[in-house]
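There are 8 protein chains.
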Amino acid sequence: MRELDDIIISKAIIERYNRDLIDYLDVDVSIAGAGPVGLVAAYYLANAGKKVSVFERRISIGGGMWAGGMTFNHIVVQEEAKSILDEIGIKVEPYKEGYYTADAVHATAGLAYQATKEGAKIFNGITVEDVYIKDERVSGFVINWSTTGMTGLLIDPLTIKAKYCVDATGHDAFIVNKLVKKSGIKIDTETGGLMGERGMWASVAEPMIVENTREVYDGLWVG
Amino acid sequence: MRELDDIIISKAIIERYNRDLIDYLDVDVSIAGAGPVGLVAAYYLANAGKKVSVFERRISIGGGMWAGGMTFNHIVVQEEAKSILDEIGIKVEPYKEGYYTADAVHATAGLAYQATKEGAKIFNGITVEDVYIKDERVSGFVINWSTTGMTGLLIDPLTIKAKYCVDATGHDAFIVNKLVKKSGIKIDTETGGLMGERGMWASVAEPMIVENTREVYDGLWVG
Amino acid sequence: MRELDDIIISKAIIERYNRDLIDYLDVDVSIAGAGPVGLVAAYYLANAGKKVSVFERRISIGGGMWAGGMTFNHIVVQEEAKSILDEIGIKVEPYKEGYYTADAVHATAGLAYQATKEGAKIFNGITVEDVYIKDERVSGFVINWSTTGMTGLLIDPLTIKAKYCVDATGHDAFIVNKLVKKSGIKIDTETGGLMGERGMWASVAEPMIVENTREVYDGLWVG
Amino acid sequence: MRELDDIIISKAIIERYNRDLIDYLDVDVSIAGAGPVGLVAAYYLANAGKKVSVFERRISIGGGMWAGGMTFNHIVVQEEAKSILDEIGIKVEPYKEGYYTADAVHATAGLAYQATKEGAKIFNGITVEDVYIKDERVSGFVINWSTTGMTGLLIDPLTIKAKYCVDATGHDAFIVNKLVKKSGIKIDTETGGLMGERGMWASVAEPMIVENTREVYDGLWVG
Amino acid sequence: MRELDDIIISKAIIERYNRDLIDYLDVDVSIAGAGPVGLVAAYYLANAGKKVSVFERRISIGGGMWAGGMTFNHIVVQEEAKSILDEIGIKVEPYKEGYYTADAVHATAGLAYQATKEGAKIFNGITVEDVYIKDERVSGFVINWSTTGMTGLLIDPLTIKAKYCVDATGHDAFIVNKLVKKSGIKIDTETGGLMGERGMWASVAEPMIVENTREVYDGLWVG
Amino acid sequence: MRELDDIIISKAIIERYNRDLIDYLDVDVSIAGAGPVGLVAAYYLANAGKKVSVFERRISIGGGMWAGGMTFNHIVVQEEAKSILDEIGIKVEPYKEGYYTADAVHATAGLAYQATKEGAKIFNGITVEDVYIKDERVSGFVINWSTTGMTGLLIDPLTIKAKYCVDATGHDAFIVNKLVKKSGIKIDTETGGLMGERGMWASVAEPMIVENTREVYDGLWVG
Amino acid sequence: MRELDDIIISKAIIERYNRDLIDYLDVDVSIAGAGPVGLVAAYYLANAGKKVSVFERRISIGGGMWAGGMTFNHIVVQEEAKSILDEIGIKVEPYKEGYYTADAVHATAGLAYQATKEGAKIFNGITVEDVYIKDERVSGFVINWSTTGMTGLLIDPLTIKAKYCVDATGHDAFIVNKLVKKSGIKIDTETGGLMGERGMWASVAEPMIVENTREVYDGLWVG
Amino acid sequence: MRELDDIIISKAIIERYNRDLIDYLDVDVSIAGAGPVGLVAAYYLANAGKKVSVFERRISIGGGMWAGGMTFNHIVVQEEAKSILDEIGIKVEPYKEGYYTADAVHATAGLAYQATKEGAKIFNGITVEDVYIKDERVSGFVINWSTTGMTGLLIDPLTIKAKYCVDATGHDAFIVNKLVKKSGIKIDTETGGLMGERGMWASVAEPMIVENTREVYDGLWVG
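Chains as they are written, first to last, in our numbering: chain E, 544 to 766; chain B, 544 to 766; chain U, 544 to 766; chain Y, 544 to 766; chain F, 544 to 766; chain A, 544 to 766; chain P, 544 to 766; chain R, 544 to 766.
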């Protein structure tokens, strides 16, 4: 270990990160939030050949999914969700007819592992502060280091471009709310309402996520 | 999703967690800390057929490994570490002779996924407060919810038993320090010193972890 | 004391708690809040043969009752309340005609002791986050560890079922407010108003609590 | 309830508290801390006819005992402790040979109820800041509102007198440590050491408390 | 100093405070706030033979008056105010025609000294939480220790009675706002508006205070 | 009041403060702390014709004296102290033989009023950060706005000169400790010890203050 | 350095500051905020012979401009802005046609240096709390130490006079919002809206600042 | 301004920063701290043709120099320092013989402007966490985002290389202290002592900085 040259390491890390950041300034789909919804969406989209970036405000990904219910770290899924977990390679245990359980840590790690293996690029520690609107269309995200937000410093953000943007910030529906405030645009309240509602991830049926994802504004999709 | 019965879900989660917690009150090896050192140790030990529990004080696992260096989320590894990553199924990219880089998010998730797939059980959100000493031997851990520590409430802990205990709390060397304070025992300062030193995980050579793991006190191993 | 086996103790505690938690997933009456209102209600309901659970967000029960007025730890009661205290076994001292005082610590502890002696099960350190609505009826509570709320972590909750739910969170009227916000339902404003008003527990007339308890929504009673 | 005169209530509360505070400026035994040790000591001493005051820095009494182990609210006791709980009227359930469990909330409330019923006077919300030394003997406590300590305001304390003082502040051994710092006096390290060690109240054998209580300095006893 | 008996001192302090607190449960005029407005009002009312109590939430009295403008501790007064300061015995220095300056510390201390010398009783460290309404009239204050508010503990208040109540909480207009919220009563907006406006005490013309004091609601006067 | 010209007021305040600050850059005696010790010292020294400045870190003066004991706002004095209070014009009430009580608010305000009336200049909101040593003698104070210390900003201080410096910071013995740390000088431990000890101001015998004031280092006196 | 007399230094600093503060109580133009907008405005106005004061709430000037975008400390400017930077002496590097970059630290320091060189006087550490309205015209600012705001102390402000006032507080539009709230006056919403929008200083075209500056209310200009 | 392409701007900023960061991984001299000492050092070294990087933990540079003494924003310099300020182009005003004053804001901005104009590269928002030792010589710095330190997140650092390292962190002597702790090396205590001492920047004689800078350990110089 001592033989590794620290400056080469620093250089390698900076160059690789910079290459990726420049490369992902313009993507097919950009997803805000690397919780279970964002990860499943990233997995399927990358698997379908799309260039996908995910911005996660925390350093770790997975959101509240690691904790199961009340930090009893298991999740419960139904028949349809089971087939997704099987496809991804997550071990599932039958509980009662139609109910299966999985270890929450195993499932979260597996989801993130497979999404990145398929080529989705996750930028952690970065917060989506706003949507980038061009020609009256959501055309990207305005991003910043999460740490600057946590410290209260006023640091200007940067902008990235995406053909489609997905709000997978979950319970807070942060991006959609921002858009609503900003533009006064009416979004489909049914979907919006669902997002505001604090879900029970411990029992989420992942296949529905994809079905429920819909375009709430020109260029912005909600997961 | 609406058809799922919430009470059955609650019951399933509580029962499964309780079954695991009771089951893992007495294990072969218990590891404090689910950072990269703890995860690699858990992977190899579980793979070798040991009954392994890992207690991680945070809700998410992986420690600082998600962030690479300065949140530039890549890690750098050498030839030997590369073979481990290959075995685990983590994608690696050559940089310079003898140097490889990997996506930090991908590598962290992959490590946790494979360790749990091998059967290691991770209890997240639980802090190891102390070692459990019986017959002048480290015979387990004294554990508690991490949240109680964070809120300053004084809640009594519980005790678990393990044939071998591993301190993989990393930079802080929390457990070893606790033991030293408590018993005044002298531990191998070379290893202890290494642990206190804030490492550079971005460039860690994982094979050395195993080699460097040694017994510092009867029953306690340091990763 | 040294002879006690720590692992047996851990096992006993986990098993007993788990047994109770599973057992109380489905009850006759569930009460949110173990302040004086919740405890009196729990006492009478358990005494009447009902299966009763109480969820208290703090570790200790009794709410502000321990402190009397301005931490001058005495309470003042009238004739009718005196008979309840007599029945429960709390020492009361005459002050002026129609006024009696009792030691606040003695009265609070006595109330909790007798309620639990009658069989009411108190789960402390657990917050009722929401009501559980099924078939347009309040059918239980959505619960979580209080500590997770205190630490700002986003941990998903679990659900419990109850034939009747009682909001005894007191000054804040937390549950009723939640329901009102959620459903836009109109509740009896007289009762609702009373709850919002910061009471003077030092002089509470307990018999009235029971009289004042009424159904504000299908399945939800306010204490 | 509306008929109660608020000013009479205020007057009653102030007068009763003041009467007790003046009355307890000079007692047989004063105990710092109303956790389980302090409550058991208060129960036996009051039962034996002593004039006993207890100062508890929190508003609620009982300390960490309400929470059992890891907020799994049960406690485990042995044969000898069982007989105390039986005497006090606390319901106990057999677990394994020589092990009994009790509901932690029920046990804590019962202990406080019986101690106060026997006549021990608990002043809650008051912190023992220091010992009062007169003629080279611990002759009382220096007390203050706990809230002032919590707010960082510098408010001068008051002094109370006691023939014997008991430090039942538990894990922190606050009073003994204060005395050691102040006077450089050597106390019996065995006992002192025990106090510094974070105990496991979930399994405490109460009879031992009394046996273990010893005089560490002239006038100061440690529970 | 060593000869003073600490217990006699404690007793003296408790008894004297208790005597005053009981004595002032029913007064002619009660004033919320011991800033300059409250002190001038207290001075004149006590001087006129009224029984006056003042509740000040801070431990020290005087509010922002000690600091002058921007902590440049001088105040500026006009001709009329000068005569009040002369009467009270505060040294004043001419600046320009019609303008006088005084040392802010000297003026604040002098005002408090003379008000208390005239017999006004100031209870510091006590917050007026609410007005006490009886027979649709403001008939007193609901008071509590300020420290409990600062610590977030929920401690019930006590009630005191007064023929007239004065809101001299100054910039916040705390009491009047409370009353408006509670009862929906319309108060004289001109006066109310003046109170909400952040004044410049450095140049306050005290004589006007008295003139500006008016009854905004039955029993409540605003300073 | 409306006729007052705001700019003239600003100018008057700035000019007067600036005149005083410049004027008091070089004094006979400078006192750190405007608690009771500092105020009594300032009163006597100013009365004796000395040019005296007092720096008080808080905005209000008086320290903990306003609060009496446990916020029961009365103080207890002996025969000798009584004569000082009489001289200063503070009302005193006999309690028992040799014991007198006074209202704490009245006494604190009176002390500050008389000290400033005698000509002592109090600069409030200013912290003494250090002593100014010249020619191996304490020759003044290094001062700064207290608010900068409270905000954690690093702002450089200014220096003032004094023939004699008095440390009246009381319980903390801030200045003396600073000097000890800095220079390793041994001070009279008896006095130093007294200062470190948290006093009971409610019963302070002021005449002793003066007697106890002694020179602990060349130029620095301790009150 | 040791030869410098500390008291002369203190005196020099106090006198110079006081001279400036008195001198700038009445100016041609006063600007709230020393971010890039305020500095450019100050530069041009001072250059045009106006007497200009700038109040900056922070100790350092420049606002978020030091940090570039996401703390990548470079700024991007267009052709027109380039000519300003050239005039001021800031080094600029061409990037693409029509785009130039500059080092953010170099540009910020250069801007502040040249503005002060032209004679603009910057008072840092001072917050504009409000506008000063006289004869229905914005006629100055109400100012205070920023530190007092940060500490929550209630210290009265002072007032300064200016023929024209400029709100250059930037993203928050603090002053204009204050004015709107206070007077209910309608301001030009287009400009107002622009101010509320979080700008991207990294790419700001400074020449436009001056063009965009307009009078929103009698005497108040927005930058 | 609207015509600027946001993605080009993002790209330009990222590329330029990345270019500089990679370029400055290996320099002649690296300075920790962009306060006055660091800036003067950077100015002279860059002027002498050295490749110089400065790491400043705050977003703004200049340290406490902006504030003068007690936020009275002027600085005082002697004859020698005056010649430096003249050379740099900072306006200076004579005060007394041998004493000159300068506007603190003007002087700080000027210093930073000229240092960067000479080619020194300042990386702001980056903290030097440690020294990088290679072959028993200080060979660079271990750096990290300052914001991560402020948020308590554990993010691994990166390493940069420098022929010479300068500790200009000022009052804290952060780097030297770190080195001393780590290696137990004895450094020249005279210099070390000087650094620990909180200086008075308002009167600093800059020429002495350079003279006082000396090598305290192989490769590390102290400013």
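Any given hint could be a false lead.
Output of the computed footprint for chain F on chain A, the stretches with three or more beta carbons under 8 angstroms from beta carbons of chain F [what the hints assert, rightly or not]:
# : stretch
1 : 549-559
2 : 565-576
3 : 587-596
4 : 676-686
The calculated BS3-like cross-link candidates involving lysine-lysine, where the alpha carbons are at most 27 angstroms apart (straight line), are [what the hints assert, rightly or not]:
# : chain 1 : residue 1 : chain 2 : residue 2
5 : F       : K639      : P       : K704
6 : R       : K639      : R       : K594
7 : E       : K660      : B       : K721
8 : B       : K639      : R       : K677
9 : U       : K634      : Y       : K677
If you are wondering where the hints come from, they were derived from the structure by calculation, not from laboratory data. Idealized CB from N, CA, C, for every residue including glycine.
Comparing the hints with the structure gives:
As drawn, the stretch 549-559 of chain A meets chain F at 8 residues by the rule of a beta-carbon pair under 8 angstroms; at three or more, the given contact holds. Residues of the stretch 565-576 of chain A with a Cβ under 8 angstroms from some Cβ of chain F number 0, which does not satisfy the need for three, so the listed coverage is violated. Counting residues of the stretch 587-596 of chain A whose CB lies closer than 8 angstroms to any CB of chain F gives 0, so the stated coverage by that chain is violated, three being the minimum. For the stretch 676-686 of chain A, the stated coverage by chain F is violated: 0 residues have a C-beta nearer than 8 angstroms to a C-beta of that chain, whereas at least 3 were required.
For the suggested pair F/K639 and P/K704, the alpha carbons sit about 19 angstroms apart, so the restraint of at most 27 angstroms is met. With a CA separation close to 39 angstroms, the supplied pair R/K639 and R/K594 exceeds the 27 angstroms bound. About 40 angstroms separates the Cα atoms of E/K660 and B/K721, which puts this hinted pair outside 27 angstroms; it is violated. Note on B/K639 and R/K677: the hinted pairing holds, with a Cα-Cα distance of about 21 angstroms set against a maximum of 27 angstroms.
Among the hinted pairs, U/K634 with Y/K677 is inconsistent with the structure: their alpha-carbon atoms are about 36 angstroms apart, more than 27 angstroms.
Checked against the numbered hints above, the structure breaks hints 2, 3, 4, 6, 7 and 9 and satisfies the rest.
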